[in-house]
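Single-letter residue listing:
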Amino acid sequence: MTAMDAQTIIAKRIAQELRSGMLVNLGIGIPTLVANYVPSGIHVFFQSENGLIGTGPMPEHGMEDPYLTDAGGRPVSALPGACAFDSATSFGLIRGGHVDMTVLGGLEVDAQGRLANWVIPGKMVPGMGGAMDLVSGAKRVVIAMQHTAKGKPKILKKCTLPLTSVRPIDLVVSEMAVIAFPDGRATLIETAPGVTVAQVMAATEAALVVPGDVPAMRL
Amino acid sequence: MKTLPVADAVAMIPDGASLMIGGFMGVGSPEPVLDEIVRQGKHKLTVIANDTAVPGRGIGKLVGAELVAKTIASHIGLNPETQKQMIAGKMHVDLVPQGTLIERIRAGGYGLGGVLTPTGVGTVVEEGKQRIEVNGKSYLLETALRADFALVHAFLADYLGNLSYSLTGRNFNPVIAMAADKVIVTAEHIVPVGVIAPDQVVTPGPLVDVLVAHG
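So the protein lines, in turn, are chains F and Z.
Following this note's numbering, the numbering of the first sequence begins with 1 at its first residue and continues without gaps.
Following this note's numbering, the numbering of the second sequence begins with 1 at its first residue and continues without gaps.
Keep in mind that the hints are not guaranteed to be accurate.
Ranges of calculated distance between the beta carbons of each label pair, as one might list FRET restraints [claimed, not checked]:
hint : chain 1 : residue 1 : chain 2 : residue 2 : range
1    : Z       : 2         : F       : 64        : 30 to 38 Å
2    : F       : 64        : Z       : 129       : 40 to 48 Å
3    : Z       : 130       : F       : 218       : 47 to 55 Å
4    : Z       : 141       : F       : 39        : 39 to 47 Å
5    : F       : 28        : Z       : 70        : 22 to 30 Å
6    : F       : 64        : Z       : 35        : 16 to 24 Å
7    : F       : 80        : Z       : 191       : 44 to 52 Å
It should be emphasised that the hints constitute simulated quantities derived from the structure, not laboratory data.
Ideal Cβ positions, reconstructed from N, Cα and C, are used throughout, including at glycine.
Pulled out of the complex, with its shape left as it was, chain Z reads as follows:
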């Protein structure tokens, strides 16, 4: 693991990259990294996240700067900018049920080809997907998702990259940390090794590629 200033961490991200971003309505999002992506003007990005937050917060900053070409999310209802760009054809949006989205990401991180879920059977979500019967019950085959980068926000990170989270700031963060080629982390507090007890570590340090130093 490397510790880098935020500008150097974001410089690793090329235009057109796919990014999994932690956060639920902006809670638990890596704000310093998102601010720096806007500053460096990375564009044609694919964003995979629960939602696009609200304008000016979390992923909403990337949307507001028109840096996102494609979004895979479960909810965009609280960001009118996302809806506007979707209707104008500037951004492609794939809407995925929340439980299906997180399982597709989990599958991507856990080495699985996909998951079978009853969610969406018989609805528009089924279109173009394989339906599979198991023990008399119908499921959809939902394929795994991975990304070039996971942008994670933790509450505590130690010098080796072990991470723990706080309350509802956890959300997608530990799951995306498994499912990307490079994992970039911001933390509310960076602490010495040992402060996070082994049983309290949620994301093991070896998963983390870059810990963003405080500015």
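If we strip away everything but chain F, and leave its shape as in the complex, we get:
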């Protein structure tokens, strides 16, 4: 493992998936960090599902607007060209396939790319918020998550937790690997610098398709 921490590796690698002109929705947690690594020359629109396109960084202290917040209720700013709308429009954008890419956290992903990320029955019942709509409707779904939890794989043959959607996600980026799901099969696309294919396979319960040449992430 390099000196770069897991969250930074994940956020930097996902930022490479951004293309100019994309409308992108970032979930809470590691996904939020992706905004810090947008490659230079790339201009994307970030949507906040509470009703804003053009979300910008937190304003200086004393410059907050109580009516300008992210989905967690924290103050944000708005970039030039920003626009505001109600929740029906916000989820019309999401469910209607107008959001090009969403980045969400994950608890478990199965071998076909189906995601569980909203509830741990009996332990954590926060509600699904917008997660089910985002996975059902965004054009591309990228999951940002640590490869294992307390040493146990999170990419499993079958999810043990309730699914967020039956629609398979497109990409998992962890601190160890990039995994895609072409034809419904978990396929190793890249490994993190200093991580071997064997290490990724050992930390993954689902069977992985491993192409002949697996490049390292370029961070």
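Fit chain Z to the supplied structure of chain F, relying on the hints for placement.
Showing chain Z alone in chain F's frame:
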């Protein structure tokens, strides 16, 4: 439309009423009305809203005062009080995907019986619902929601009840304003007719029953 002091506006709400309440994590919620509901101790309420905010803010005030018997929301994760009352069996909570919740409310306000959405197909959200195939794609039938009262917070309200909103304070507000029998509005600023230009009006005045006067 009537203009009333907040105490008189809230006096219209009986115990056991169903309330749609604007706000997203407390942003854009009608705080003076919520404070007055707590003061008057209205109880056994049903709350339909995006979330239950955080303790001490927005809908969190009603939850903290244990006035809510049932909540229909998409997210309760930032209010430990809601979770505590749910686990203790004091409050019934229906969790609904956010996009489905707002569409059910929209349907209620727009005279529709419900909507067909792909969200939730094949998940626990599907339990007890009808699955309908349209052009080879699966959808869930999600039924319309209405309430006795919509508690709306606008940025500007004119003397006729025309409303506009500010940025992320808009959220559920204009949608719930269509979906309740009585609409009670608080506004950051109450302005003369004409200050909100016709093209800038988001919620038409005739939808508003009560505009809460500043205290």
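A quick look at each hint next to the structure:
1. Restraint check, residue 2 (chain Z) to residue 64 (chain F): a C-beta distance of roughly 34 Å satisfies the suggested window 30 to 38 Å.
2. A hinted range of 40 to 48 Å for the beta carbons of residue 64 (chain F) and residue 129 (chain Z) is consistent with their spacing of about 41 Å.
3. Between residue 130 (chain Z) and residue 218 (chain F) the beta carbons are some 49 Å apart, a value that agrees with the proposed interval 47 to 55 Å.
4. Checked against the given bound of 39 to 47 Å, the beta carbons of residue 141 (chain Z) and residue 39 (chain F), roughly 43 Å apart, stay inside it.
5. Separated by about 27 Å at the C-beta atoms, residue 28 (chain F) and residue 70 (chain Z) satisfy the suggested range of 22 to 30 Å.
6. Between residue 64 (chain F) and residue 35 (chain Z), the C-beta spacing of about 22 Å keeps the proposed range 16 to 24 Å intact.
7. For the pair residue 80 (chain F) and residue 191 (chain Z), the supplied restraint of 44 to 52 Å is violated, since their beta-carbon distance comes to about 27 Å.
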